[in-house]
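Peer 1: So you can see what is in the structure, the chains are spelled out below.
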Amino acid sequence: DTAVSQTPKYLVTQMGNDKSIKCEQNLGHDTMYWYKQDSKKFLKIMFSYNNKELIINETVPNRFSPKSPDKAHLNLHINSLELGDSAVYFCASSQWRGGAYNEQFFGPGTRLTVL
Amino acid sequence: EDKVVQSPLSLVVHEGDTVTLNCSYEVTNFRSLLWYKQEKKAPTFLFMLTSSGIEKKSGRLSSILDKKELSSILNITATQTGDSAIYLCAAGTQGGSEKLVFGKGTKLTVNP
Numbered sequence: 060d061t062a063v064s065q066t067p068k069y070l071v072t073q074m075g076n077d078k079s080i081k082c083e084q085n086l087g088h089d090t091m092y093w094y095k096q097d098s099k100k101f102l103k104i105m106f107s108y109n110n111k112e113l114i115i116n117e118t119v120p121n122r123f124s125p126k127s128p129d130k131a132h133l134n135l136h137i138n139s140l141e142l143g144d145s146a147v148y149f150c151a152s153s154q155w156r157g158g159a160y161n162e163q164f165f166g167p168g169t170r171l172t173v174l
Numbered sequence: 005e006d007k008v009v010q011s012p013l014s015l016v017v018h019e020g021d022t023v024t025l026n027c028s029y030e031v032t033n034f035r036s037l038l039w040y041k042q043e044k045k046a047p048t049f050l051f052m053l054t055s056s057g058i059e060k061k062s063g064r065l066s067s068i069l070d071k072k073e074l075s076s077i078l079n080i081t082a083t084q085t086g087d088s089a090i091y092l093c094a095a096g097t098q099g100g101s102e103k104l105v106f107g108k109g110t111k112l113t114v115n116p
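Residue numbers (this note's numbering), protein chains in the order written: chain B, 60 to 174; chain S, 5 to 116.
No lab work stands behind these hints, which were simulated from the structure alone.
All values derive from a computational prediction rather than experimental measurement.
Be aware that a few hints might be false.
Straight-line C-alpha distance at most 20 Å; calculated EDC-like pairs for lysine to aspartate or glutamate [to be verified]:
id : chain 1 : residue 1 : chain 2 : residue 2
1  : B       : K111      : B       : D89
2  : B       : K130      : S       : E102
3  : S       : K111      : B       : D97
Estimated spans, in silico, between C-beta atoms of each pair [said to hold, decoys possible]:
id : chain 1 : residue 1 : chain 2 : residue 2 : range
4  : S       : S75       : B       : K99       : 19 to 25 Å
5  : B       : R122      : S       : S66       : 39 to 45 Å
6  : B       : R122      : S       : E59       : 42 to 48 Å
7  : B       : T172      : S       : E30       : 32 to 38 Å
8  : B       : A62       : S       : S75       : 29 to 35 Å
9  : S       : E19       : B       : E112      : 28 to 34 Å
10 : S       : I58       : B       : S124      : 26 to 32 Å
11 : B       : S124      : S       : A82       : 46 to 52 Å
12 : B       : L86       : S       : S75       : 29 to 35 Å
13 : S       : T24       : B       : M74       : 42 to 48 Å
14 : S       : T54       : B       : G87       : 31 to 37 Å
Here a beta-carbon is modelled for each residue, glycine too, at the ideal position from N, C-alpha and C.
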């Protein structure tokens with residue numbers, strides 16, 4: 060069983076379109092994250108949610124809106140897509156334990172290409 | 005600004021060689037140092053280090069944290085072609101908005 064899953068795996072779309080990426084984890088974790096990995100393989104955090112509450116929002120344009128309907132899901136909606144949004148988007152999850160977050164488990168990634 | 009720097013950026017070795025990958029960090033409210041291996045897809049977790057000087061081992065891989073020097077190393081002995089990957093180092097912060105700050109990774113290529 061896949062621990063952290065994302066859909067779709069690949070997304071090719073035109074500039075200006077709106078798209079969503081979905082993420083689900085079956086690890087029972089209480090915290091979920093979205094990361095962006097650019098063409099140089101640099102992985103950077105975008106958002107994190109703990110128990111459906113936004114914890115981190117790292118200077119990401121307003122066009123990106125995360126939504127967490129429950130602890131097991133964190134979706135990412137992107138409005139008015141731009142060329143610079145092309146990247147691989149990774150979802151991850153972790154568990155708050157012992158007063159801190161522990162290791163994060165990553166999903167397989169969604170490769171977004173904006174034409 | 006929080007920063008994690010890895011070196012070298014890339015490394016090519018032959019099977020059987022031993023490699024050492026370096027990671028240094030400057031983050032506010034440091035809590036832990038994590039190593040991940042990324043092959044074609046998702047980063048997979050290797051180690052999490054929170055205490056200085058205590059080596060963690062998993063097979064041919066080992067890692068240690070030096071909080072005084074704000075650094076960590078990842079050693080791989082008797083490398084195999086299957087070790088070829090990007091190795092990512094991340095500093096975990098604490099206190100409110102906890103997050104992982106990643107380095108740019110070291111691309112390791114092990115040739116037969």
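Peer 1: Would you check the hint for K111 (chain B) and D89 (chain B), treating anything up to 20 Å between C-alpha atoms as holding?
Peer 2: holds (8 Å)
Peer 1: Taking the beta carbons of A62 (chain B) and S75 (chain S), is their distance inside 29 to 35 Å?
Peer 2: holds (31 Å)
Peer 1: Given the range 46 to 52 Å, decide if the beta-carbon distance of S124 (chain B) to A82 (chain S) lies inside it.
Peer 2: With a Cβ separation near 48 Å, S124 (chain B) and A82 (chain S) satisfy 46 to 52 Å, so the hint holds.
Peer 1: Starting from K130 (chain B), check that the Cα of E102 (chain S) is at most 20 Å away, please.
Peer 2: Satisfied, since the Cα-Cα distance of roughly 17 Å is no more than 20 Å.
Peer 1: Determine whether the Cβ-Cβ distance between S75 (chain S) and K99 (chain B) falls within the hinted range of 19 to 25 Å.
Peer 2: This hint holds: roughly 22 Å between Cβ atoms.
Peer 1: CB of R122 (chain B) to CB of S66 (chain S), is that within 39 to 45 Å?
Peer 2: holds (43 Å)
Peer 1: Range hint 31 to 37 Å: satisfied by the CB atoms of T54 (chain S) and G87 (chain B)?
Peer 2: Given range 31 to 37 Å: violated, Cβ gap about 23 Å.
Peer 1: State, for the Cβ atoms of E19 (chain S) and E112 (chain B), whether the hinted interval 28 to 34 Å holds or is violated.
Peer 2: violated (48 Å)
Peer 1: Mind checking the hinted window 42 to 48 Å against the Cβ distance between T24 (chain S) and M74 (chain B)?
Peer 2: Once the Cβ atoms are compared, 44 Å apart, the range 42 to 48 Å for M74 (chain B) and T24 (chain S) holds.
Peer 1: Please verify whether K111 (chain S) and D97 (chain B) have alpha carbons no more than 20 Å apart.
Peer 2: Satisfied, since the Cα-Cα distance of roughly 15 Å is no more than 20 Å.
Peer 1: Starting from the hint 32 to 38 Å, judge whether the C-beta atoms of T172 (chain B) and E30 (chain S) obey it.
Peer 2: holds (34 Å)
Peer 1: Does the Cβ pair R122 (chain B), E59 (chain S) satisfy 42 to 48 Å?
Peer 2: Holds: the Cβ-Cβ distance is about 45 Å, inside 42 to 48 Å.
Checked against the numbered hints given earlier, the structure breaks hints 9, 10, 14 and satisfies all the rest.
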